[in-house]
Amino acid sequence: MTDAVMTDVQTPDQMRRDRAARASNAVRRSLKKRYAAEARFRAYGIGAVGLALACIVVLFSTIISSGLPAFTQSAITLNVELKQDVIDPEGTRDKSTLINANYRKLVFDTLLAEFPEVTGRRDKRALTAILSSGAAFQVQQLVTSDPSLIGQTLELSLPVAADFDLYNKGVINKGTAESDRRVSDQQMAWFDTLKERGIIESELNTTFFTNADSREPELAGILGAAMGSLFTMLVTLALSFPIGVCAAVYLEEFAPKNRLTQIIEVNINNLAAVPSIVFGLLGLAVFINFFGLPRSAPLVGGMVLALMTLPTIIIASRAALKAVPPSIREAALGLGASRMQVVTHHVLPLAMPGILTGTIIGMAQALGETAPLLMIGMVAFIVDIPGGITDPATVLPVQVYLWADSPERAFVARTSAAIMILLTFLILMNALAVLLRKKFERRW
Amino acid sequence: MGEVDMSNAVEVTAPMASSDAARETKFHTRGVQVFYGEKQALFDVDLDIYENEVTALIGPSGCGKSTYLRTLNRMNDTIDICRVKGKIELDGTDVYSDKIDVVHLRARVGMVFQKPNPFPKSIYENIAYGPRIHGIATGKEDIDQIVEESLTKASLWNEVKDRLDEPGTGLSGGQQQRLCIARAIAVQPEVILMDEPCSALDPIATARIEELIDELRDNFTIVIVTHSMQQAARVSQRTAFFHLGDLVEVGETGKIFTTPQDQRTQDYITGRFG
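Here the protein sequences come in this chain order: P and U.
Take the first sequence: its position 332, counted from the start at 1, is 332 in the working numbering, and no numbers get skipped.
Take the second sequence: its position 216, counted from the start at 1, is 216 in the working numbering, and no numbers get skipped.
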């Protein structure tokens with residue numbers, strides 16, 4: 001032991017070398033640990049991204065797979081004779097006569113003629129259930145728009161009732177007990193016969209894109225809700241963009257930095273965190289009850305959503321204004337530009353891409369918002385396509401909510417289809433935001 | 001600039017100022033004090049700036065020379081916590097009084113900044129902007145003429161005349177700074193303030209700017225803040241030395257660099273501090 005101690009006595013030079021070697025060893029040992037930590041962290045990251053992607057894939061594939069059937073619709077081709085004595089027995093061609101004529105009888109008789117063996121009242125009713133109530137409406141439209149057709153026999157493609165459409169798509173099938181389904185064995189047999197005769201075919205569901213809501217799934221469409229969304233968004237944009245940008249410019253460029261502006265700033269951030277349903281209640285209490293604006297109208301919906309979008313736009317605009325380098329402001333001020341000129345000629349144009357990006361993201365948020373609109377009556381069942389901002393309307397997400405709530409099975413596919421349309425708009429808007437950001441990236 | 005030995009007095013090459021009798025006072029400042037919040041940045045500065053002459057403000061970092069410069073065209077107004085006291089007169093009118101509008105003041109007293117800061121617009125628009133907002137020129141021909149004149153005076157015309165539509169930010173650093181000078185003179189100011197205009201430039205670009213400053217002296221009064229004593233010696237006729245918020249010494253550039261009166265000036269120009 002003593003020998004060992006003796007040999008441990010080192011010259012300063014050796015000691016220095018020793019210390020360096022020890023440090024180098026320590027570094028080498030710790031390296032392994034550090035690389036392991038790095039690899040672990042990277043694995044977590046990849047795992048997180050993978051999980052997120054998987055969720056998106058699952059979400060999209062379920063929505064698309066359950067929504068796609070809604071884009072086709074079964075139709076039956078019938079040779080309908082537009083009998084003069086049923087439509088207009090007196091031959092007056094009077095408008096109200098034409099509108100109120102019994103077109104149901106016309107189309108039902110045509111269908112019944114396909115099965116002469118069906119005689120009983122009950123059987124006849126069961127057979128005519130194959131036709132959608134929209135079939136008679138379609139003939140009515142045709143005749144009222146062109147009365148000269150009366151007396152002719154036309155080959156018409158008429159919509160099939162939703163239950164039979166589902167049977168045609170295989171959603172309703174014989175696997176379920178007859179008492180548990182809405183299509184009886186007899187009806188299935190008739191439908192199969194019609195199919196064998198080649199007069200049932202599946203076509204693109206144009207009704208879905210041209211109609212508003214309906215109690216009959218085969219007649220329900222998305223256009224009413226889409227127009228409602230459009231009008232609502234127009235009101236929101238027209239209100240929140242100018243107000244938001246003006247507020248941001250004032251707070252960022254002109255307002256003195258004191259306690260009051262600090263309180264305002266904090267409260268704008270608070271406003272962004274207020275639950276949207278609260279804005280809905282506010283809209284109900286103030287806009288509808290106090291100011292007496294129309295219920296269920298895009299005008300009020302847009303105003304409520306504008307309140308909700310304002311903080312987003314103000315915060316994004318202020319960030320964009322702040323990102324404009326002070327040297328640009330100094331350059332303009334140094335030339336003798338007034339503060340207003342500095343803002344309108346230089347700062348605002350440079351901040352505009354950022355402001356627009358924030359606005360689009362705020363609008364996308366508003367487009368998907370449901371809760372506040374429920375409070376102001378935009379959840380109503382509305383069959384007419386709105387023609388302006390004061391007409392009763394509903395919006396896309398509320399339409400999704402309404403259809404998801406409907407008992408008819410055929411609305412399942414339509415709910416998913418409506419979600420697809422809503423998501424398409426949202427993705428388009430976000431893509432536009434990204435594009436803007438890319439195109440106008442900092443140029444100084 | 002390495003050719004100058006810091007331990008010796010700097011060689012003076014700039015021409016001496018014209019005779020005292022001919023000089024007109026442009027800026028007359030007495031007892032200028034500037035506060036940033038509670039902190040005082042300038043203490044009772046008395047300084048006169050003469051017409052058609054280059055006045056250099058030198059001193060170590062944080063000595064208040066830029067602060068003083070920015071009181072002359074009230075650029076300090078943009079800083080909320082900044083307060084200015086004292087008398088600052090341009091041609092006998094107090095610039096902080098109601099008689100002078102700050103926009104008009106800045107049109108008369110132009111400024112060139114430390115970092116070249118052209119607008120992210122075309123070269124042409126950079127120059128045309130000032131005359132346009134002040135209504136100095138209307139009509140395309142007038143503005144075309146001002147653009148050409150200003151760029152020529154800033155000795156940039158030959159380099160950019162074929163690409164006036166290209167963005168000003170695409171030029172090299174030295175060209176950008178000359179563009180900023182051209183932009184300043186396009187407004188036809190009486191005074192041009194320059195805040196370390198060459199600190200972001202290489203020696204060749206610096207030399208060109210210095211030549212330019214010397215040429216501009218015939219038409220404009222120039223006040224330049226610089227960190228480089230060689231530059232002060234080369235371009236200025238009068239030099240003011242600032243230290244810790246005080247104006248220590250002011251005089252003919254030649255005298256300041258050869259026979260400084262104050263010990264602190266002596267120490268600074270011989271490189272003992274700063």
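There may be inaccurate statements among the hints.
Said to hold, decoys possible - Here are the simulated distance ranges between beta carbons:
(1) 62(U) <-> 322(P): 22 to 30 Å
(2) 258(P) <-> 62(U): 26 to 34 Å
(3) 26(P) <-> 166(U): 35 to 43 Å
To be clear, the hints were calculated from the coordinates, so they are not data collected in a lab.
No residue lacks a Cβ here, since even glycine has one placed at the ideal position from N, Cα and C.
For which of the previously enumerated hints does the structure constitute a violation, in increasing order of number? Checked against the structure, the only hint that fails is number 3, while the rest are satisfied.
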